[in-house]
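Colleague: Protein sequences appear in the order of chains A and B.
All residue numbers for the first sequence refer to the working numbering, where the first residue is 1 and numbers rise by one.
All residue numbers for the second sequence refer to the working numbering, where the first residue is 372 and numbers rise by one.
It should be emphasised that the hints constitute simulated quantities derived from the structure, not laboratory data.
If a hint is listed, it holds; no wrong ones were tucked in.
Taking lysine-lysine and the DSS-like style, the derived pairs with C-alpha atoms no more than 25 Å apart in a straight line are:
| hint | chain 1 | residue 1 | chain 2 | residue 2 |
| --- | --- | --- | --- | --- |
| 1 | A | Lys-18 | A | Lys-64 |
| 2 | B | Lys-535 | B | Lys-564 |
| 3 | A | Lys-64 | B | Lys-453 |
| 4 | B | Lys-395 | A | Lys-191 |
| 5 | A | Lys-37 | B | Lys-375 |
| 6 | B | Lys-387 | B | Lys-375 |
| 7 | B | Lys-511 | A | Lys-191 |
Which stretches of chain A does chain B cover? Using the computed rule of at least three CB atoms under 8 Å from a CB of chain B, they are:
| hint | region |
| --- | --- |
| 8 | 80-88 |
| 9 | 191-202 |
Just so you know, even glycine gets a beta-carbon here, dropped at the ideal spot from N, CA and C.
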Amino acid sequence: MGYVAVKGGTVAIEASIKRLKYERLKSEEIIEINTIKYTMRAMVDQVISESSLYSPFLAALSIKQAEGSMEEAVFLMRAHRSTLPRLYYSQTVKSESMLMERRISASFKDIPGGQLLGPTYDYTHRLLDFDLTEENAEENEQWLQDYKKGLESIVVSDDVQYFPKVVNYLREEGLFEEYEADNTPPIDITKESIQFPASRSARLQVLTRGQTGAVTSLGYASLRGYGQVHPTVGEVRVGSLPIHIEHPNEMEQDAEDNFYIGDFKVTEVESFVPVTVKNDNNDDEMEFEIGYGICYGQNETKAIAMSILDQCLEHPESNFPTHDEEFVLLHIDSVESTGFISHLKLPHYVTFQSKLDSIRQIKKGVQEVEN
Amino acid sequence: MKTKTHFAFFDEGSKKEIRRAILKAVAIPGYQVPFASREMPIARGWGTGGLQITLSIIGKQDVLKVIDQGADESVNAVSIKKLVNETTGVELTERTQDASLIQSRHRIPEVPLSSDQILVLQVPMPEPLRDVEASEYVTKRLHSEDEYSGAWLMLFEQIMKYGKTATDADHPVYVNNRYVMAPSPIPRFDNPKMHQSEALILLGAGREKKIYAVPPYTDVESLAFEDYPFTVESFEGQHCHLCGETDVFMDELIDPDTGETIYQCNDTSYCMERLNKIGKAEVESSHA
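Excised from the complex, chain A in its bound form (with noise of 0.2 Å):
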């Protein structure tokens, strides 16, 4: 008989469980949280980004624990945003006060307060690096002072500077519409189910935490063929943000009392996608719009793919699944997705037996009919 209606369930699932941590200890090898929230920095970054918990130290022992399995990681640690109060909102970021760490556009050149390359592996060749097996200290501390020597003759300027957006600079020839900043409260989609159709804010939010797997295939299918926004990337900024809140108890507020609770890091992307629109002549014109996207740590594919599932959104009319809210926010989720197709795993006996019945039934009433 099966695993279900066995006495001796609770023995079976203990052995499993301790099977489970012997395959993660057997080598006698033990890897450091911290070595894997330094070394590893991109699955640290695409934890945080789907699980939307910002710990970069959590994200780290989630996947230590995970044995690095993506989706267990971001199951932990939603699991443990699950447990924490959620005591504030922060107050409205601008994006223009990033501390920059990258930005490009692929759209311009010239683009005011040029363009800044940052770590990326762009432009790397996919070799395998056979140096590494035999990487050690000594080596990469020698590594480091000649780099840090290399950038003793920069000069540090006094003044922070921000980074004006790119779009601005096309704004003002008129290239992009103008808009009224909507400065509605978004809906928060984690106190608060989301309903359709859906506002822009909690389509953004769905997006920011999806799978980046999931993310980046819809936003390739758009592109491919299923959808119709194919954009240029006006502007991709890699940094960090710095976060306010309020003062909780003060009934006057000013910004200059706001909290400072730390800074995260942010990759955020404005796409440029043509659109057709009808003038006042009732004839087709081409206009620009903006696909945005943005999530915690480095992702950029994923960001460039949310912008794109950003734009579908905006635009539902058309047949393009991409384009359908319910069919892209429903099922990008990493926890909701992997949690139900594992659920098959589970016993379905009484479901079976049920359906076996339904079948039985039927056919017999076939056979009578054609006795």
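With chain A held as given, fit chain B onto it using these hints.
Modeller: For chain B alone, kept in the frame of chain A given last:
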């Protein structure tokens, strides 16, 4: 950085939100109340909706029973029980009569429930109209307009195709003559147990973010036509090979020795209790 889990896992704010959704669900029988489903330490689709209800209503004095596929000892039931017990310390039981709170996947216990008990059902697909309408936006409107022809048509089409209705588990029900509700994938056999139930029945769908309820003494009617009445799974002529019971939902098993099909009570605690009773009677009669 060691942290201790809060009583019943959630922070108090989350529990309060879920309890509010439950209150609304009780006030509008069968209506699917959207709620902000929290991510749980067990996977979506493994009973997170039921678990969220259980954790937000459980108190220290409660006695909990968890069933999966009719069994208290099934892996998922054990795992859920363990989690609730670890975070609350409440007493666990397998006896249906002793439980104040029963969380179940796919079954309503054979022992009739009483007015001081709450049954929490785990629901994978709360939307009874999903088969006929994929869009959540549209189904919500259909519910509000009491427009259930899609569900009736589904049954009608089955009759046209197969000569009878051919639903299996999760046969839709009318609650309080207003909302059509998915009763969670309980077998048709259990549908009648919801009608005028003494116990409060709460249904939670974690992944789909819905909570709904059948309050005590509420009419629950399985969808059917007058000339094609609702029928439950048939175990006619069969009896449990362990306890001899006849009028219960049974699992179909193959006897490993003879290769014949044998039947066994699906509700394992019910079967166990009957066996104990029979055993006790035998012992007593042999003493006499």
